[in-house]
Every structure is written in C-alpha cells, then in structure tokens.
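Novice: Given next are the chains, with one letter for each unit.
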Amino acid sequence: MELTLLDFLRIDFPALLAAVLACAACALVGNFLVLRRQGLMGDAISHAVLPGIVGGFLVAGTRETLPMMAGALLAAALAGVLIEAVRRLGRLESGAAMGVVFTVMFAAGVVLIERAAASGVDLDADCVLYGQLETILWLEPTGWGSLLDPAALAGLPREVMTLGFVLALCAGLVLLFYKELKITTFDPALASTLGIPAGAFHYGVVLLVAATAIAAFEAVGSILVIAMLICPAAAARMLTDRFAAQLALSVLLGVLAAVLGYGGAAFLPLWLGAEHSLNAAGMIAVASGLILALAVLFGPRHGLVGRRRGLRRVRASATPASSPGPAVLGGEA
Amino acid sequence: MSAEALTGGIPLEELLRVLFFQAGFNTAVVVAGTAALGLAGGTVGTFLLLRRRALVSDALSHATLPGIAVAFLIGAALGLPGRSLPLLLAGAVVSGVLGLLTVQALARHTRLTEDSAIGAVLSVFFGLGIVLISYIQNLELAGQAGLKTFILGQTAAMARGEAIAIGLLAAGAAAAVALLFKEFRALAFDPGFAAVQGWPVARLDLALMGLATLVTVIGLQTVGLILVVALLIIPPAAARFWTDRLALMTWLAAGIGALSGWLGATLSALLPKMPAGAVIVLVAGFFFLLSFLFAPARGLAAAALRGLALRAGYAERAALVRLLAAEGGAPAPVLAAPLRLALAARGHLRGGRLTGRGRAAARRAERNRRLWERFLIDHPTLLPGQLRWGIDDIDEALPGDLVRLLEERDAQERNALARQAPAPGRLAS
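Residue numbers (the working numbering), protein chains in the order written: chain A, 83 to 415; chain B, 81 to 509.
It is worth saying that the hints were derived from the structure and are not from the lab. All residues carry an ideal CB built from backbone N, CA and C; glycine is no exception. Some hints here could point you the wrong way.
[Stated by the list, open to error] Pulled from the structure, derived: some chain A residues nowhere near chain B, Cβ distances all over 10 angstroms:
hint: 1; residue: A199
hint: 2; residue: I308
hint: 3; residue: C313
[As the list claims (entries may be wrong)] With the Cβ distance kept under 8 angstroms, some of the chain A side facing chain B (calculated, not the full set):
hint: 4; residue: G121
hint: 5; residue: T185
hint: 6; residue: V186
hint: 7; residue: L276
hint: 8; residue: G277
hint: 9; residue: I278
hint: 10; residue: A280
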C-alpha cells in the first residue's frame, strides 16, 4: 500500500491529532493523580463510566456525543459518591471500596450493552475499551495548504475539536490554580491552615480527571486513558523533583508516546511489509509503558541504574580512609 | 439493574431446572464449576482484602492478556489446532506473574507508589495484549475469535472437561487456604509479628499471590479478565459486614462467592446472549448491597440503630438525673413526649414524678456518669475502645479496685468543692 500525502492528511493526521491532544490532556491531569496517590482513581473512573455511556446512548437513541458524555459524567460522579460511601460508612479500605464499585458498574454497563444489542442497536464494549481512533477522518484537505485554511479547519472532526477544548480547559485551570494545586497536592494540611480549601481541590481534581477521561474515551478508549493518566506522569516523576518541570515533562512525554505509538501502529507494519496496521490505542499505551520503563531504569537521580551508581559513590566516600568526618557536614569537603 | 426484568422472559420451570442441576449434564457441570470458582475467589480474596492487596489482583488479571495472545501465536506456530486452552492459560499465568512482579518492583524499588504502579502495569500490559490481538486478527488464523471471549468471559463456550478442571482447581485453591489458614491469619493481621515469630512472611505472601493468580486464571474464561477481580473483592467485602471473626468471615465469603457463581451461571445459561461474567458480578454486587445495608454486625441499618439506641440511652439517663435534681429544688426539666413515654414504660416515671425505682435508677445513672467522668479525666490513656462511656455500667466495664479508687477520688473532690463554695442560702440573698 502506497502512502500518499492526501491519505495521510485525511486519515492519519486527524487520528494522530486526536491522540496527541488526548494524551497531552490526560498526562497533564494525571500528574495530580500520581502525586496524590490516587492512581487507582483513573482505573475506577474509566471502568465505572461504561453504564453512563450506554445509558446516555439508550436514552437519547443516537450516537451524539453530548448525551453520552452527560451520562458518563453522571456515572463518574455516582461512582465517586458510592466509593466514598462504601469507604466511610462501610469502613472498607479504599482499594476494596473502589474494586467493589467499579466492577459492579462495569458489569451493569456490559449487561446494558447486551440489552441494547438485543434491541438491534449497534454498540459494543470494544469501542469503549480500545476507542476508535481509526474512524476519525478529515475529508476536507486537499494538500498541506489546508492546514492553514480556516474553511477546511472548520471541518475537522468533532472529536478533535472536543479534545482541543478539553486540553485548553485543563491547561487553563492548571495555570490559574497553579499555586493552590501545588500546595494542596504536597501538603493538604498546610493548605487548610492557610485557608485554601484542600477538600474542594480534591474533588475538583477528581472531577477534572473524570471530564478529561470521558472526552478522551470516545477517541482513544478506556485502556489508553488509564495508561495516559499514569505513565507519562510517573515517568516525569522519575526524571525531576520540580513540580513545574514535572508538569511540562509529562505533557511532552505524553505527546511523544502518542506520536511513537501511532507511528508504530499505523506505519511500521506497512514499512515492514505487513498488510494491515495494528491497534493504535494499544500501541500508544505500549509506547508510554516503554517510556516509563526507560525513565525508571535511567532516570538521572531516581532511576535504578543511576541510584545504584550513586550508592556506590556514597559507599566509596564513606570508607574511613577517605572520610574526613565532620568536615563533610560543614560543607568544606 | 433489575434481575426481575432479566428473568421476566424466562419460564420459572426452566429456571428451577437449571438452578437444581436438572438441565442436562453439561449445564450442571458448568454451573457447579462456576460455583466452585466463586468459592475459591471468596476464600482467597478474604486474605487479599485483609492484607490490603485487593486491587493488585486487578493489575494481575489485566496483565494476563498479552500472555494469552503470545501463547495463541506459539500454538499456531506449533500447528496446534484452534485454541488449546492449557497453553493459553499457561501463557496467562506467565504474563500475569510478570505483571505482578513488575508492580512489586516498581512499588518497592522506585519512588512510585503502589497505586501508580498498578495503573501503569494494568494499562500497558492490556494495551500490549490489544496490539497482539489486532495482529492476530490480521493473520486470520482459525480460532482467533475465541480470544476476545477472555476479555468479558463466556460460560456458554465452556466445554465439559474445562468446567470440571476449573471446579477441581478452584477446590484445590480453597483447600490450600484452609491448610494455610493459621499462617495467612498471622500474615493478614500483623506481618511484622509473624516475621518475628519466625513465619516465612515473604514466601507466604508469594503463596497468597500465587493462589490469587490461580483463581484469576481459571476465572478468565468464565468471568473475563476485566471482571475476574470482582470475584476476589466483592464476596469478602460483603462478608466483612457480617462478622469480626476471621474464620466465620472466610466461610461467609466462600458461601457468598459460591452462591454468586451458582446463581450467575444459572442466569447466564438461560440468557445465552448475556456475558456470564457481568451477570455473576451483578449477583455478587446484589449480595454486597444486602450486606452493606442490613448485616447486623457492621451494616448501615444496624449501625444507625445502634447510634439511635446510644442517643436514647444518653437522653434517658440525663433526664433521670435532672428529674432527681428537680426533687432537690432545681428547676424541673421539660421532657420530650417520647422520652416521657419511654421512662414511664420502664416504670421510672409516674404522673410526672419519679417512682422509687426511678429514683434508684437516677442515682445509679448519676454515679455512673460521675465515675466515668473521673476515669476519663484521670486516665485518658486507658480509654477502652469497645465501650460506650457514660452509658455502660462502670462496675462491669472496669476492674473493681479501679472503680473503688475512682469513687474515693470523686468523694474527695466533691468534699473539696463543697468547702470552697459559698452556702447556697447566702448566694440567694
């Protein structure tokens, strides 16, 4: 199969753009999950929204985005409330509370899908799990010039528009509340004593994650959403100790994973002589996993290799012959 | 979701036939195998829950997918016909364990926390599995359609031999928990103590996760890898509401798991289009909801009733004490109607005045309150956790010599106060 410019612009470009936007938005909000030790919240939300998506679809009867997103947001909020209720009132640990709530809600969603299928509606769990990047098309472009042509740009697929809006919203909120987010993330108790409502920010972050995840589902599926919420942020955490640097790095790594993964899924098999491309959402998740693995191994200060070398240096300098003792403390060594 | 709406279309006779293993040998075996799976999930899950490892098994189950896909490719390369289940499950074990070890390594050796490690492993392994499956689909090999049933599960596809094998393995897992019960108990409640006592804690942890792997893998086909974790979490979480005793909780979790498997497999045998895993999880979720609301030990209703009884007890005693004070000249308290009725029903109050019994009860309540107060002031570090201070009889709650000590101190204090305070008559003038 020959790859033409027009094919690229019409088929691959919009899908790649959607993936990049989704990954950047998820990676940005994912930082707060990773730093607040709420990594499982992404897992729970992305499973629990299934009944909401299907319910919104069944109620509205169309594949319009709005009812599905409303249903999903409702389901995410319900899941949050239920998890908190089971945890507080039932006195279960939070992992178990999440496990109970999201599995039951996901099961309800699967059963709803089958009910919908029975009444002759085409909707399956697959598109929720792995998304439908491959179906995002942009029919307007006639060449590179179309990228600057407002009329053609107005015809960009709806998913891309939604994701662009969500990314802008996330970035805007993070910039606006940068100081508050930073302090409530690292020291909620101090934040409360300073009069910053740490509890409100906790729920705000969860809500923002839910909104981002839901916007991304449609394009890239729930598995990729979980990967993108966790992996780039975790990789950035291995690379830096500074909050601002971590935010920027995670977005960068998310975009990198999207480009590498999409390329690996769409173009690599063709170049290697295979006839079909691979699943792009899955490949992007794998790419983000590889990036995380590299960061874990070779991170400059916290990576496993670097830390071992650092330990050896400390041991060498701690041998009695070379250790001047108190002088080290004084900073003169 | 209404189970009634689902069963609405099914004749009751048919339901009963499947429920009691009368609907042909095959269905009976599948239903029994699924019940055994639920039983194993409940027993193993009890210790995972208490060890706070519940969601680690979620990473484990998602991580099985690439192994299944690779095993399928190996099978195809070796020329095995269609899908060979033992090979696929072996692949699932290998990659599941690999995922588990990755979670542990990330959480132990890096600055990442366990929740991030779980999320990363779960999504990346699953993503890899999806990529491999999309590759397999492109190859158009025979039997590849069966791979996707592992994601959401399907009992209808289960052959008789497979169901029997699942039942036996599940029974084996439950038996292993029974054999290691004492060891797992020490591990779940106090791993540090267990280590000091000489138990091989690391190896026991490994055994527990090994059993979880076994349950996950044999559950893949029936329940599917997304929901199999529910078998390990929901039954023990439901059982937790009924009791504080570990042995009882394990039995209950096993029972709830088996019942969910049995009922769920029955329902899905009648509704062949319904994914069995989802039905089983919904049945288990129904049992969880029942337990959460109505279990007598820790359920919501019971807790609310206990709270209400506690308040009523406080109000009653406070009312008695104030009535007694009113007889000594203090202003008479205004009592709410239900409180008056309750006191009258106990024979403490007649015509708005304390009876003899009421007076005695009021004195007891007054003394009890004072001594509890003394105790809380003098020994704030000794607070007994399981008692209702101020309501429970202090003579039964605390040792006799301590109560006598409190009484002495209380008397001294009151004497001292009486000497300091001016006589009430002079204050009034």
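Novice: Indicate, hint by hint, whether the structure satisfies it.
Specialist: To see whether the hints hold, each was checked on the structure:
| no. | hint | in the structure |
| --- | --- | --- |
| 1 | A199 | 7 angstroms, violated |
| 2 | I308 | 4 angstroms, violated |
| 3 | C313 | 5 angstroms, violated |
| 4 | G121 | 4 angstroms, holds |
| 5 | T185 | 4 angstroms, holds |
| 6 | V186 | 4 angstroms, holds |
| 7 | L276 | 25 angstroms, violated |
| 8 | G277 | 28 angstroms, violated |
| 9 | I278 | 23 angstroms, violated |
| 10 | A280 | 19 angstroms, violated |
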